[in-house]
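Generate coordinates for the entire structure from the input sequences, incorporating the hints supplied.
There are 2 protein chains.
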Amino acid sequence: MEPLFVIKVGGNVIDDAAVLDQFLADFAAMKGNKILIHGGGKLATDLAAQLGIEQQMVDGRRITDKETLKVVTMVYAGLINKTIVAKLQAGHCTAMGICGADNNAIQAHKRINATIDYGFVGDVDTVNASFIDGALKQGTTLIVAPITHDGKGTLLNTNADTMAQEIAKAMSPYYKVQLVFSFDKPGVLLDKDDNSSVIPTIDKASFEQLKSTNKIVAGMIPKLENAFKALDQGIETVRLGRAQDLPKLIKGDAGTIIVHGK
Amino acid sequence: MEPLFVIKVGGNVIDDAAVLDQFLADFAAMKGNKILIHGGGKLATDLAAQLGIEQQMVDGRRITDKETLKVVTMVYAGLINKTIVAKLQAGHCTAMGICGADNNAIQAHKRINATIDYGFVGDVDTVNASFIDGALKQGTTLIVAPITHDGKGTLLNTNADTMAQEIAKAMSPYYKVQLVFSFDKPGVLLDKDDNSSVIPTIDKASFEQLKSTNKIVAGMIPKLENAFKALDQGIETVRLGRAQDLPKLIKGDAGTIIVHGK
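From first to last, the protein sequence lines are chains F and W.
With the first letter of the first sequence counted as 1, position 99 gets the number 99 in the working numbering; the numbers rise by one all the way through.
With the first letter of the second sequence counted as 1, position 50 gets the number 50 in the working numbering; the numbers rise by one all the way through.
Don't take each hint at face value.
Identical chains blur together in the list; that is why a pair holds if it fits in one copy or across any two.
Quick list of in silico lysine-lysine cross-link-like pairs, DSSO-like style, CA-CA up to 27 Å [to be verified]:
id, residue 1, residue 2
1, K42, K66
2, K152, K137
3, K211, K137
4, K248, K229
Rather than coming from a laboratory, the hints here were simulated on the basis of the structure.
Below, the structure written as C-alpha cells:
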C-alpha cells in the first residue's frame, strides 16, 4: 500500500499569515498522497463578534446556533478554504477545497445530548472513501473545511481533529495512513514549559508509564488516548508537532511519533 | 456528442428561500450532464453593510477592495455554495461546490482598466475543461461560485454570467452545450410590462429586426449580443427564462431560446 499523509493544521497557524504561508509552501512541496484538514482559528469568533452574534460556550465547546452556523460556513468553507486553495495552486499543488457536503464526502448527524443542545454540531457517521481515493488517484489534493452535512440538506459544524481522524481511519484499508496534527507546539512535552523536552516516540507501554508517573501534561492525555484509538483503527502512525516543522515531521525528524508498539 | 446544460441562476432567486428550494429540487431531478453557476444575491451587500465596509459602485459595477473580496469569498464560495450543495445532496444529486481556484477550474487576471481600478475583479483567461469533463464523466454535478483566482495566490471576484458563458464555451468542443440563464423574468419580452409577451425564439435575423424596430428593451440588447457571441463560439442554444420554469426551460416549453438561425 502507498503512504498517505492526512494532515490537520490548527487554528493558531491559520491566524498567523507568515506561518501559514510557510506551512502551505512546505505542504505544496510534499510529494505523494496528502490531504489537508484545516481548523478555523479566531476569524469565526471575530466575525461573530463584529456581527453581534453572541457566542455561547458550554464546557469549552461552542454552541452552534443558526447564525453561528452561517458564520462558520462562510469563514471555514469560504474564506479560509479558498484562500488556502489559491495559495497551494500558486505553489503548483492541484488543490481542491471541499467541505463534508461536497460529493457527500463526510456525512454526520446533529449531536444528540440529553442535557446540552449543541445546536448545529455534527458527529461523523460516514466518510466517502471511494470519492477521496478517486481524487487522490487523479493527483488532486483535497483541502477539507470542518463543515459536514446530514444528508437532509443541513450543514453542521464539526471538530476538525475528529474529521482528520475519521478521514484517516476511512482511508486506512487502502493506504498506509500517517495522521499528522500540526499546531504551535513542538510535540508531546515531558515538561510543558520546556519546548526542548519533546518525547520523540510514544508507544502504548511508554504511554502507560508516563501516565502512571504523572510525567505528561493532563491536557495531552485525551489527545494521546485518541491517537492510540486511531492506531487500533488501522492508522499506521500519529504524529504531533509544530506546523513550522512540517518537512521534518513527515520524515520523523521532529515532533512526537505515536506508534502501537509491541 | 452528449448534451450538457450549463445553468446560471441569478441573485434574485438566491435571495428567495422558497423559490431557491423549488429550483434546486427541479435541478436535482434533471437527468444528464449539468453544471450550475450561481450569483451572489443581496447577501454579500448586506454582510458588507453590517460590517461597515463601504461599497463603491462605478458605472453600476462594484469595486472589490480587499475587505469586499473577503466578504464575497465568504458569502459566494462559503455560505451560498455550500447551502446549495447540501440541499442538492438531499435531493440525491451528487453535487460538488467549487470556485475557480479549486483544481484550477477557472483562472483569471485582475482587470486592467486605464481609468478605473476595479480592485480584485477577475476577467477569465482559461477554463480547465479536462477537470470539468472528468467530473461530469464521474456523475458529479459541479456547483460553481463566482470567484476565480490568478494562479499566483490571489482570489478574484468574477461576474457569474461571464463565468457561465466561459464554461459553456470551453465545454462546447466535447458536448452539445445548452446555456441557460434562469432569473426572475419569463424570458425576452416584447413589452417589458407584459410578462405574457415572451418571444419564444430569436435568431440573428429576427434580433436585427427587433433592434431596428425598437421592439426590444434596451437593457436586453447587450445580453442578447453576448448570447449570439456564445453561439458563434460553438454553444448550441442560449435560453433565458424564469428559475421557476426550469423543467420547461430545459424542454424548450418556456422562456426564450436563442439560436443561430440561417
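How the hints compare with the structure:
Taking CA atoms no more than 27 Å apart as the test, K42 paired with K66 passes in both settings, with 19 Å inside one copy and 19 Å between copies. Only between protomers do K152 and K137 lie at most 27 Å apart by alpha-carbon distance; the minimum there is 25 Å, versus 29 Å within a single protomer. In this homomeric assembly, K211 and K137 never come within 27 Å of each other (Cα to Cα): the closest approach is 41 Å inside a single copy and 53 Å across copies. In this assembly of identical chains, the alpha carbons of K248 and K229 lie at most 27 Å apart only when taken from the same copy (24 Å versus 54 Å across copies).
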